[in-house]
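Protein chains: 2
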Amino acid sequence: MSASIKEMMQEIGQKARAASRAMARASSEQKNQALLHIAKLIREQASEIQVVNQIDVDRARKNGQDAAFVDRLTMTPKTIETMALGLEQIVSLDDPIGKISALQKQASGIEIGQMRVPLGVIGIIYESRPNVTIDAASLCLKSGNAVILRGGSEAIDSNTLLAKIIQAGLAAAHLPMDAVQVVSTTDRSAVGEMITMTQYIDVIVPRGGKSLIARLMAEARVPMIKHLDGICHTYIDADADVAMAVKVCDNAKTQRYAPCNAMETLLVNQNIGPTVLPLLCKIYQDKGVELRVDTATRKTLEAAGFSGLVDATEEDWQTEYLAPILSIKTVADMDEAMNHIERYGSKHTDAIITNNQSQAHRFLREVDSASVMVNASTRFADGFEYGLGAEIGISNDKLHARGPVGLDGLTSLKYVVMGHGEIRT
Amino acid sequence: MSASIKEMMQEIGQKARAASRAMARASSEQKNQALLHIAKLIREQASEIQVVNQIDVDRARKNGQDAAFVDRLTMTPKTIETMALGLEQIVSLDDPIGKISALQKQASGIEIGQMRVPLGVIGIIYESRPNVTIDAASLCLKSGNAVILRGGSEAIDSNTLLAKIIQAGLAAAHLPMDAVQVVSTTDRSAVGEMITMTQYIDVIVPRGGKSLIARLMAEARVPMIKHLDGICHTYIDADADVAMAVKVCDNAKTQRYAPCNAMETLLVNQNIGPTVLPLLCKIYQDKGVELRVDTATRKTLEAAGFSGLVDATEEDWQTEYLAPILSIKTVADMDEAMNHIERYGSKHTDAIITNNQSQAHRFLREVDSASVMVNASTRFADGFEYGLGAEIGISNDKLHARGPVGLDGLTSLKYVVMGHGEIRT
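So the protein lines, in turn, are chains Z and W.
Sequence positions in the first sequence follow UniProt numbering and run 1 to 425.
Sequence positions in the second sequence follow UniProt numbering and run 1 to 425.
Honestly, I wouldn't trust all of these hints.
Given that identical chains are not distinguished, each listed pair holds provided it fits within a single copy or across any two copies.
Listed next, the in silico SDA-like pairs over lysine to any residue satisfying Cα-Cα at most 20 Å (straight line) [as the list claims (entries may be wrong)]: (1) Lys99 / Leu216; (2) Lys40 / Glu336; (3) Lys210 / Glu320; (4) Lys282 / Val310.
Just so you know, these hints were derived from the structure itself, not from any lab.
Just chain Z, with the same shape it has in the complex:
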C-alpha cells in the first residue's frame, strides 16, 4: 500500500472517531432534521444526480460491464425518489439511543440498568449500487454512529455527489460533516486499510457478492456484520398441508431468484413426496426452474410422468444458485432433513412446513440458523418484513447481531449504575 493511501485512510478514521462523539450526543430531533434535509436536497437535485450518474454509467459501458451491472449502477427518477422515501421512513423509526432498561436494585443498594448507545464508527464496503450510500448512511446516522463509506470505483462520481448532499444535510442540522465520509480514492488498498484499522472503525458491514465478502473475511481485523451464503432450505414434513406446502415452496423459490433468502434446496418427507412433488414440480417446470434431484425424488417424479430432471451432485447441496435452479432431496424423516441442513446449510434461513406442533417446535429449537420458520416462505427473512423498519444487512454469525440487522444492530448496551454512596465490602 502506498504511504499516502494509508495516511489518507488514517486521517478519515481520526475524523470519523471525533465526529462519532458528537453524533452519540446528538438529539433525535437533530438527526431527523439532517435526514429530512438530505431527502429534500435529493429531490431538488434529482436531475443533477442523474447527470452525474450518467458519467459513471457511460464509463461502465465503455469498460464493457454487462447489462445487469449497468442496471445496478443506473439511477432513475424512481430510484432517486425511493432514496428520499427511505430517508423519510428512517425518520419515522424510534431512535434507539439513550433508552435505559428498567433499573434493577441489587442487594448492595445499587441500581443496574443498560443504556443503548451507538457502536461508534461503522465502515460500509459495497459494490456498484449508489443508493447504498444513502441507505447505509441514513441508518448509521439515525443510530448515532459516524460512517465511512467505500463504494465501488464504478460509482465514484455518483457517490461523491451523494456524499456532498449528505454533508449539506448534516451541516443544516449542526452535526459534524465528518460523520459521513466517502472514500474518494478508487485505489483498492484503501479497503485493505479500512478492514484493519481497529482503532478507528468499530464494525464493517460489507454489502456485495460472495467473492467480496470472502476476500474481506480473509484479511479483516475489524469485526464484520455479514453473511457469506444464503443456502436456504424448506423441509416439507409428513404432516404438512399439501396446498400450503405447494404455495409456500413455489413462493420461496420463484418469487425472486437472486435474493439471499430464496430457497435453494427442497427437502421432502418420503411419505408426502408422491403427493406434493408432482404438484410442485409442475409449477417449477412451467416457470422454467431446472430441477436437480436425488434418486428417490427422480423415481417419484418419473412415476408421475416427469422428465428433464438433472441428477443432483454433492456440489449441488452446497450451492447457492441465485438462479432458476432447485435441488430436491427426499428424506426419511425430519432428523435426516435437519442433518442435511446442519451439513450443507449456511445458517441463514430454513423453514419447515408442518401441522405437527411438536415437530415444529423441535425444528425451531434444533435448527441452528439465523432465521427458522414454520409454515412461511424463506423470502420473509428481511428487516422490513420482520418489522425492523430497514436493514443494514443480514448476519449469519452468532455474535452480536444475528439475522436481519436494523438500527439496534448498530448499537450496543452499556451498563449504568445508580448509587447512593454504596461501597463494596
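Place chain W on chain Z using the hints.
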C-alpha cells in the same frame, strides 16, 4: 506448529462441534444434574484433588515461580469447597436457552420472535488458577455450549483431574463427554491453533493478564470476549457530597488493589478539590498509597501540609497500576474530566460523584465505557454485583456482550417465524 498438534486440536474441535449439537438440545434438568454430580464428585475427591494439585505446586516451586503465582495455583479445602458451591449457584440460575420473546404479528400475518440459543463452542484460555476449569466449564454447560479448556501448563495435572470429574458428571447426566475437553498438551502452539480454528470455535474467552490478552489479540481469528486494561476513573464533581466522595473513592482504590475494576485515576473538580482532597489523601497516605499528582493537585495538597507527592507523567494517565498507586488530576469542569477519560481510559468502568442530576445524566450518556456509574464505587463492576449470578469475564468491546458477561453473553438470539402459509408478494 507440528502437524500432530494441529491434528490433535482439529480433532478436539470436531468433537466439540458434534457435542455442541447435543448440548443445545439438552434439557435444563439434564444440565443441572450434570452440574450437581460434578459438585458431588469434587467434594468426594477433595483430598485426591489436593494430592494431584501438589504435583503442580511442587513443580512450580522447583521452577522458581514466585509466591503469588504459587498462591494462585494452590487448591486448599476452602478453594475446593468454593468450586462446589459455585456449581450449586449456577444450578440455581435460570436456564436462558430456548426462551422465546413475545411474538410480534406483522402486516403479512407472520409472527416474529427471538429464541435464545447457545453460541456453540467456547474456547477458554487461562493461566495458573485451576478453579477456572470448573467455573468456566459450568457456565458454558449451563448455557448449552461445548467448551475447550486450555489452562496454564503449570496447572496441567490439576486441570486434567478436574476434567475427568467434569466428564464423569456429563456421563451421569447422559450428556456427551466431549462437551468439556481439556487440551492435554502443554505445547504453546495448541493456543495458536485454538485462536484461529474459526470452523470449530465460536468465541474465545481469554482469562489472564494483559500480556496474554495482547498476544492473543494480535493473532486471533476467532472472536474474543475480553478486555485488555481496566484504567478506571472516578470524577468528583463540584456538586458532590464530600463525605460520600471520600467514602466511595477510598473504597474504589483501596478495598483491593489488583482487580481490573479498582480505580487508577482520580479526577477532581477544582472547586471542590481544596475541600475533598486533603480528607481523601490523608486516608490514602495512611494506607500507604503512593500519590502521583498534577501541578494543581500538588498545590492544593501542599497548601494543606501534605508531602511525599510524586509528579504524574503522561505515562501515569495511561497506566493500570493494579497496586497501591493512584494518579490524581484537578480539572476545571466535567467536560475536562470526560475528555481525559476519553483520551486515557480503557472503556472499562468510570464513575462520577455528584448530587447534580443533569451532570449525572450527561456523564452517564456521554462517557463511552462498558460501565458508567453515579455515586458508587467502581469496584461494583462485576457479574455477581450486577445480579448476573456469575461471570465468564468482562468485555470492553462494544460488539456482542459489553461489561460483565454472564450466561446471556454465552448465547445468541435467532429469529423464529411462525407462519400460517404466508407468502411474500
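Going down the list of hints, with the structure as the test:
no., hint, verdict
1, Lys99 / Leu216, "neither (34 Å within a copy, 34 Å between copies)"
2, Lys40 / Glu336, "neither (55 Å within a copy, 38 Å between copies)"
3, Lys210 / Glu320, "within (10 Å within a copy, 43 Å between copies)"
4, Lys282 / Val310, "within (15 Å within a copy, 86 Å between copies)"
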